[in-house]
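If you count the sequence shown from 1, you need to add 3 to reach my numbering.
You may find that some hints are simply not true.
In silico SDA-like cross-links for lysine to any residue, where the CA-CA straight-line distance does not exceed 25 Å [stated by the list, open to error]:
#: 1; residue 1: K176; residue 2: T142
#: 2; residue 1: K176; residue 2: L28
#: 3; residue 1: K130; residue 2: A50
#: 4; residue 1: K176; residue 2: L55
#: 5; residue 1: K130; residue 2: A79
#: 6; residue 1: K130; residue 2: G228
#: 7; residue 1: K130; residue 2: M45
#: 8; residue 1: K176; residue 2: P204
#: 9; residue 1: K130; residue 2: P27
#: 10; residue 1: K176; residue 2: A29
#: 11; residue 1: K176; residue 2: P38
#: 12; residue 1: K130; residue 2: F120
#: 13; residue 1: K176; residue 2: P39
#: 14; residue 1: K176; residue 2: L197
#: 15; residue 1: K130; residue 2: C82
#: 16; residue 1: K130; residue 2: D227
#: 17; residue 1: K130; residue 2: E141
#: 18; residue 1: K176; residue 2: L193
#: 19; residue 1: K130; residue 2: A195
#: 20; residue 1: K130; residue 2: L224
#: 21; residue 1: K176; residue 2: H203
#: 22; residue 1: K130; residue 2: T42
#: 23; residue 1: K130; residue 2: T142
#: 24; residue 1: K130; residue 2: S205
#: 25; residue 1: K176; residue 2: G162
#: 26; residue 1: K130; residue 2: V46
#: 27; residue 1: K176; residue 2: D58
#: 28; residue 1: K176; residue 2: D227
#: 29; residue 1: K130; residue 2: I47
#: 30; residue 1: K176; residue 2: K130
#: 31; residue 1: K130; residue 2: L26
#: 32; residue 1: K176; residue 2: R147
#: 33; residue 1: K176; residue 2: G131
#: 34; residue 1: K130; residue 2: L49
#: 35; residue 1: K176; residue 2: E141
#: 36; residue 1: K130; residue 2: P43
#: 37; residue 1: K130; residue 2: R35
#: 38; residue 1: K130; residue 2: Q114
#: 39; residue 1: K130; residue 2: R218
#: 40; residue 1: K130; residue 2: D58
Since the hints were made in silico from the structure, they are not lab data.
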Amino acid sequence: MQPRWRVRWRLVSRAAFGLFVLLPLAGLAIFRFVPPPLTPLMVIRLAQGYGLHRDWRDLEVISPLLRRSVIASEDARFCTHHGFDTAAIDHAIDRYEEGGRVLGASTISMQTMKNVFLWPGRNFLRKGIEAYLTVLEETLWPKRRILEVYLNVIELGPGLYGAETAARHYFGKPAAALNAREAALLTAILPAPLRWSPVHPSAYVLRRAAIIRARAEQVRLGRDGACRR
4 MQPRWRVRWR LVSRAAFGLF VLLPLAGLAI FRFVPPPLTP LMVIRLAQGY
54 GLHRDWRDLE VISPLLRRSV IASEDARFCT HHGFDTAAID HAIDRYEEGG
104 RVLGASTISM QTMKNVFLWP GRNFLRKGIE AYLTVLEETL WPKRRILEVY
154 LNVIELGPGL YGAETAARHY FGKPAAALNA REAALLTAIL PAPLRWSPVH
204 PSAYVLRRAA IIRARAEQVR LGRDGACRR
């Protein structure tokens, strides 16, 4: 007869394996083809009374101007890295060691996993799980899918999620019809969508949007609608 502690250890090990390995793999395999129904942030915002408005759209019917703006602003090396922008991480570490403000260095791939599976926050546990999920994501999903999911789950206002919902709410048009200015303004509010507005932008948001618009002109999309090959 095996010692009780060994039986418990096996049960705990199997539960941990299922929770941290099999469950994420299953979720990523499903969401490779099926839109995520809800995200933890959506549930949190619902509990806070913000409501939930979301309309999923395939990548090809989201304006390429918005795709380019998001890549230019959030992750300029999105098409070349494998989930982690090592240059941005090195820069963030150097800045921190020099006494500067801590920079996120999060890629679109990392932000997608955070939005789909995890809770808001900056603690080391969440960042560690996020990094693990990002490795799996970059292995199982093409860049096109990563960008598509990101553009459909990002928070863009109180109770507003995804490009289509935001475009219709703020500009009265589908995401496919966004022009360069509107795309840049939507992208500019991503760091603080509950405080900033693309239709009543502050001077700071306008400056951010102008920079994003200029950088977006340098981004070239590939045949898949996301990255050049």
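In rising order, the numbers of the hints this structure does not comply with: Of the numbered hints given earlier, those the structure breaks are 1, 2, 6, 10, 16, 20, 24, 30, 33, 35, 39, 40, listed in rising order.
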